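Visitor: The whole structure should be built from the sequences, with the hints applied where relevant.
Below, each chain spelled out in residue letters.
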Amino acid sequence: MNITSQDDLPSKITPSLFDLFVQFLIIGAISFGGGIIAYERILLVERRKWLTPDEFMAYLAIGQTMPGLNSVNLAVLVGDHLRGVAGAIITTLGLILPGSLFVLGIGLLYANNTDHPLANLILAGIAAAATGLLGAITYRIGEAQWHQIKSLLLIIATFLLMSIAKLSLLLVLLIMAPVALYLYRPRKSK
Amino acid sequence: MNLLIQLALSFALLSLLAVGGGTAVLPEMQTLISQQFGIDHTQFVHIYSFGQLAPGPNMLMVLVIGYQIAGLLGAGVVLISFFLPSSILCFYIGRLWSRFGESPWRRSIQNALEPISIGLMASGVYAVGKASVVSPITLALAIITLYLVLKTKINPVFIILGSGGVGAALIHFLR
Chain A
1 MNITSQDDLP SKITPSLFDL FVQFLIIGAI SFGGGIIAYE RILLVERRKW
51 LTPDEFMAYL AIGQTMPGLN SVNLAVLVGD HLRGVAGAII TTLGLILPGS
101 LFVLGIGLLY ANNTDHPLAN LILAGIAAAA TGLLGAITYR IGEAQWHQIK
151 SLLLIIATFL LMSIAKLSLL LVLLIMAPVA LYLYRPRKSK
Chain B
1001 MNLLIQLALS FALLSLLAVG GGTAVLPEMQ TLISQQFGID HTQFVHIYSF
1051 GQLAPGPNML MVLVIGYQIA GLLGAGVVLI SFFLPSSILC FYIGRLWSRF
1101 GESPWRRSIQ NALEPISIGL MASGVYAVGK ASVVSPITLA LAIITLYLVL
1151 KTKINPVFII LGSGGVGAAL IHFLR
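Residue numbers (the working numbering), protein chains in the order written: chain A, 1 to 190; chain B, 1001 to 1175.
Any given hint could turn out to be false.
[To be verified] Quick partial rundown of chain B residues pointing at chain A, CB under 8 angstroms, derived from the structure:
no.	residue
1	G1056
2	L1060
3	I1080
4	S1087
5	C1090
6	F1091
7	R1099
8	N1111
9	E1114
10	Y1126
11	L1141
[Claimed, not checked] Result set (SDA-like, lysine to any residue): computed pairs, CA atoms no more than 25 angstroms apart in a straight line:
no.	chain 1	residue 1	chain 2	residue 2
12	A	K166	A	P186
13	A	K49	A	A38
14	A	K150	B	L1017
15	B	K1151	A	G34
16	B	K1153	A	G33
17	B	K1153	B	A1140
18	A	K150	B	W1105
19	A	K166	B	K1130
20	A	K49	A	A86
21	B	K1130	A	V45
22	A	K166	B	D1040
23	B	K1153	B	G1165
24	A	K150	A	H116
25	A	K166	A	W146
26	B	K1151	A	L171
27	A	K150	A	R185
28	B	K1130	B	A1140
29	A	K49	A	G105
30	B	K1151	A	A86
31	A	K166	A	G142
32	B	K1153	B	I1143
33	A	K166	A	R187
34	B	K1130	A	I156
35	A	K166	B	F1037
36	A	K166	B	Q1043
37	B	K1130	B	I1039
38	B	K1151	A	I37
39	B	K1130	A	K49
40	B	K1130	A	V85
By construction, these hints were calculated from the structure, which means they are not laboratory data.
It should be emphasised that the depicted structure is a prediction, and the values quoted were computed from it without experimental measurement.
Beta carbons are placed, not taken as given, at the ideal position from N, Cα and C, and that holds for glycine.
Guide: Shown next as structure tokens:
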């Protein structure tokens, strides 16, 4: 099927909008338990070869720098790269549609059963586990940072301003971002 | 109508402040919706955990917050205002980027934002932890989950559901 499979041609294969939508819809529907970026990489770089590994890393880096969810930002950038504005809209919709319906379904059940004693017992265990999961994710994302004194100090300062001093997020960012940018400014000698 | 506008403005702001991913705005979101919309911290952790169970980005749980506050219309307003502003920003910045190419500042910005977003995530753990870890049993469940997620390859969805079942049984039989 794929005649030029091993060539490192520039990735300018243009998928149809429908195909693009279906592929992102599948990711949105099967990515239980997180790891969406990994699913996106498998689709874009390995299975369909719509992007080269380098292009993927470049878009991921931009997506991580911009505010918003990394997986959604990546979908926006890749959709635009492949099919322009329509592509960006279609990939984003595909990615968030299944989870939106799922979450709304639970939300409906939740809103109608707030006083159910058994439901509340189960939710107590689920919420505790969700906290543990968030702790684990935070630890893993920060793994490379805990050992560097510069980033560790920034992490601690941000935490203290947010959780202990209880400043607003906007204020925390206005204080921390310039400090961090100064510490990580581009150096002349590479 | 006022409620919907207030909802839209709040979540649009959160969208643009979500540095390093949605989790960074958790503590701010928790404070904001309890002060302005009367969703208490326990409800917030419940809703947050729905997001962890669902496929797709786990911050889709903001839809449930919108639904709780203003029904289906509220869910729609929150969906648009939380996802559209950051996506539009990313779209345009992405186009500028491919025009101007890689600059040393992009790497600097990402390096600088990384520890800030981890600090904010730590605040998120603290915020949801204060509302969910309320007894020795819930503390044990949170720690066991942390351990299992870090040390095994079990899908977190199963761990969370298991914790719900085990937790309910323990709390029920121990009192």
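Visitor: Against this structure, judge whether each hint is valid.
Guide: Against the structure, the hints:
{"no.": "1", "hint": "G1056", "result": "holds (3 angstroms)"}
{"no.": "2", "hint": "L1060", "result": "holds (4 angstroms)"}
{"no.": "3", "hint": "I1080", "result": "violated (11 angstroms)"}
{"no.": "4", "hint": "S1087", "result": "holds (5 angstroms)"}
{"no.": "5", "hint": "C1090", "result": "holds (4 angstroms)"}
{"no.": "6", "hint": "F1091", "result": "holds (5 angstroms)"}
{"no.": "7", "hint": "R1099", "result": "violated (13 angstroms)"}
{"no.": "8", "hint": "N1111", "result": "holds (4 angstroms)"}
{"no.": "9", "hint": "E1114", "result": "holds (7 angstroms)"}
{"no.": "10", "hint": "Y1126", "result": "holds (5 angstroms)"}
{"no.": "11", "hint": "L1141", "result": "holds (4 angstroms)"}
{"no.": "12", "hint": "K166/A - P186/A", "result": "violated (31 angstroms)"}
{"no.": "13", "hint": "K49/A - A38/A", "result": "holds (14 angstroms)"}
{"no.": "14", "hint": "K150/A - L1017/B", "result": "holds (23 angstroms)"}
{"no.": "15", "hint": "K1151/B - G34/A", "result": "holds (16 angstroms)"}
{"no.": "16", "hint": "K1153/B - G33/A", "result": "holds (11 angstroms)"}
{"no.": "17", "hint": "K1153/B - A1140/B", "result": "holds (20 angstroms)"}
{"no.": "18", "hint": "K150/A - W1105/B", "result": "holds (18 angstroms)"}
{"no.": "19", "hint": "K166/A - K1130/B", "result": "holds (14 angstroms)"}
{"no.": "20", "hint": "K49/A - A86/A", "result": "holds (20 angstroms)"}
{"no.": "21", "hint": "K1130/B - V45/A", "result": "violated (41 angstroms)"}
{"no.": "22", "hint": "K166/A - D1040/B", "result": "holds (17 angstroms)"}
{"no.": "23", "hint": "K1153/B - G1165/B", "result": "holds (20 angstroms)"}
{"no.": "24", "hint": "K150/A - H116/A", "result": "violated (48 angstroms)"}
{"no.": "25", "hint": "K166/A - W146/A", "result": "holds (23 angstroms)"}
{"no.": "26", "hint": "K1151/B - L171/A", "result": "violated (36 angstroms)"}
{"no.": "27", "hint": "K150/A - R185/A", "result": "holds (13 angstroms)"}
{"no.": "28", "hint": "K1130/B - A1140/B", "result": "holds (14 angstroms)"}
{"no.": "29", "hint": "K49/A - G105/A", "result": "violated (35 angstroms)"}
{"no.": "30", "hint": "K1151/B - A86/A", "result": "violated (41 angstroms)"}
{"no.": "31", "hint": "K166/A - G142/A", "result": "holds (22 angstroms)"}
{"no.": "32", "hint": "K1153/B - I1143/B", "result": "holds (16 angstroms)"}
{"no.": "33", "hint": "K166/A - R187/A", "result": "violated (34 angstroms)"}
{"no.": "34", "hint": "K1130/B - I156/A", "result": "holds (18 angstroms)"}
{"no.": "35", "hint": "K166/A - F1037/B", "result": "holds (19 angstroms)"}
{"no.": "36", "hint": "K166/A - Q1043/B", "result": "holds (21 angstroms)"}
{"no.": "37", "hint": "K1130/B - I1039/B", "result": "holds (15 angstroms)"}
{"no.": "38", "hint": "K1151/B - I37/A", "result": "holds (21 angstroms)"}
{"no.": "39", "hint": "K1130/B - K49/A", "result": "violated (45 angstroms)"}
{"no.": "40", "hint": "K1130/B - V85/A", "result": "violated (42 angstroms)"}
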